[in-house]
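One-letter residues, chain by chain:
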Amino acid sequence: MELINENLDTIYFVILCLFLGIEVISNVPAILHTPLMSGANAISGVILVGAVIIMIKVDPTDYLSLTLGGLAVLLGTLNIAGGFFVTGRMLSMFSPKKPKTDK
Amino acid sequence: MTGIVEAGYLVATLSFVGGLKYLSSPIKAKKGNLLAAMGMTLAVGLTIYAAISQNLPAVNLMVILGAILIGSIIGRVMSSRVEMTGMPQLVSLFNAMGGGCAMLLGIIEGQQVGVSTLALNVQLLLAGGLVIGAASLTGSMVAYYKLSGKLKDNRSRILIYLARTSLVLILGLLISFAFNLFPISFITVIYILAFLSLLYGVLFVWPIGGADMPVVISLLNSLTGVATALAGLVYSNKIMIAGGIFVGAAGLLLTLLMCKAMNRSLLKVLAGTFAKGKEGGEVKEIHIKETTSSETAMQLAFAQKVAVVPGYGMAVAQAQHACANLQKQLESRGTELHYIIHPVAGRMPGHMNVLLAEANIGYDLLKEMDEVNDEMDQYDLVLIVGANDVVNPAAENDENSPVYGMPIIRAHKGKQVVVIKRGMSTGYAGVENNLFGEENCQLLFGDAKSVLQDVIGQLKLV
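Line by line, the protein sequences give chains A and B. The numbering of the first sequence is this note's numbering, which starts it at 45 and goes up by one. The numbering of the second sequence is this note's numbering, which starts it at 8 and goes up by one.
There could be a bad hint or two in this list.
Per label pair, the in silico range of CB-to-CB distance [to be verified]:
1) I66(A) - A65(B): 19 to 29 Å
2) E50(A) - K267(B): 31 to 41 Å
3) T48(B) - P73(A): 21 to 31 Å
4) Y56(B) - S136(A): 24 to 34 Å
Short, incomplete list of chain A residues facing chain B, as computed with Cβ under 10 Å [stated by the list, open to error]:
5) N49
6) N51
7) L52
8) L64
9) A86
10) T105
11) I124
These are computed hints drawn from the structure, not numbers from a lab. By construction, the Cβ of each residue, glycine as well, lies at the ideal position given by its N, Cα and C atoms.
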């Protein structure tokens, strides 16, 4: 019980996010599933924020942790940058009207 | 100070919601992507700003900025080079990166803090994030190798048993650590968990068949989101929690959608099993009728409404541009052409739509299965290009068939059906397709691309 009372705000937040997420996403039409997935994938790269936060605590002379932290930042960035760029590339192909010119 | 950061996080969270919302409309989707990307940039920038004001060592700052620079450049290059057929691989690869990041966070945090300084529930959240992140990392890597054809399915029972064993070990270790059954330090637990989870990721995805890939990719995507959310709970960082949960929800929704479209339960997909047909079903002799490209061209010339049902075979043959040419030809003759797309066509959810969009086919011509299935008889000719199981009428009328119950496109209801196929091989499910024996169905053998070009050439002469 104590655990729940202490973290009540977080629990509310988690539940609301869950419903909001499902509500927002359930309306996406099938033609956009792939961009949705790669866009969502890019958003999951927000874990980069955690990688930056953890670097505050890392001692600059602790080379192992520093390397691992740098690697974590690199991986997170790849996830974000790659995800958003590739989603943008896909979406630019969805034209509202049939293009008149040949490619 | 922290007020600004928190406010910025709020704005960034809202941009994620807005971005995902905009992704539900083809016209606004591009804006949505941009919005989410800007929110992300804001969140990361503010975090670095907050870190600097909390005395982030200069060396660490250099490492962070350097890694972000390199990561952005590599990500940009990778995403600009990929072929649209290779999209599922790339998404898996990026997903693996996110999983790897989550795993590394767990390891670093485990090294940084003594056992006593963190509350048990925080330690468990950390361990959970690490387990899911690590499994998602290797799972996505295996998915990447399988999708790019570098790794074959391995359906040996041993892998499945080993996967279950390592899963039990992971859960057992977590539980025994939670109740303090063994006197082991947190960092030891972290290392063992990391190893087992990396192993589990490989063992779990390896036996899963190629046609189940849309399910697996969605699921792995969802898992990375959950790992992010767990890490967010560790740092009580709202944007990580929110972002992670949105992704987890999106991935899970798509996973269930894909399962439904294949009439398979998630558990069966994960167990790597495929339903065998009931024994005793009589083997029907199928008489097929072969046709030629000139005959097909004639049929096309006299048709008013034509439907194309594309499958992954079309993507393999790179025939989407030939399809676009056919469409132009038909339109110049006043014939209407629709594309009917099954939810699991391709190797990831919605993959076929992207492939057709790449060939400049307007999305207003792409029809979803449920949209047109009840009025399939309006089409004078249904042209099936590289699809097989998703048009098998046995799914609706043969209870003994392994594909029975799977939602299909009712191509057999079309006035005439022409199937373009390489040979008489069965589809992924390994099931005979009763469609080929139907009265109104003809088969046109050959490579989808060259056959279509041939048909277009003939059509110009008619």
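Hint-by-hint comparison with the structure:
no.: 1; hint: I66(A) - A65(B): 19 to 29 Å; in the structure: violated (44 Å)
no.: 2; hint: E50(A) - K267(B): 31 to 41 Å; in the structure: holds (39 Å)
no.: 3; hint: T48(B) - P73(A): 21 to 31 Å; in the structure: holds (28 Å)
no.: 4; hint: Y56(B) - S136(A): 24 to 34 Å; in the structure: holds (32 Å)
no.: 5; hint: N49; in the structure: violated (13 Å)
no.: 6; hint: N51; in the structure: holds (8 Å)
no.: 7; hint: L52; in the structure: violated (13 Å)
no.: 8; hint: L64; in the structure: holds (6 Å)
no.: 9; hint: A86; in the structure: holds (7 Å)
no.: 10; hint: T105; in the structure: holds (9 Å)
no.: 11; hint: I124; in the structure: holds (6 Å)
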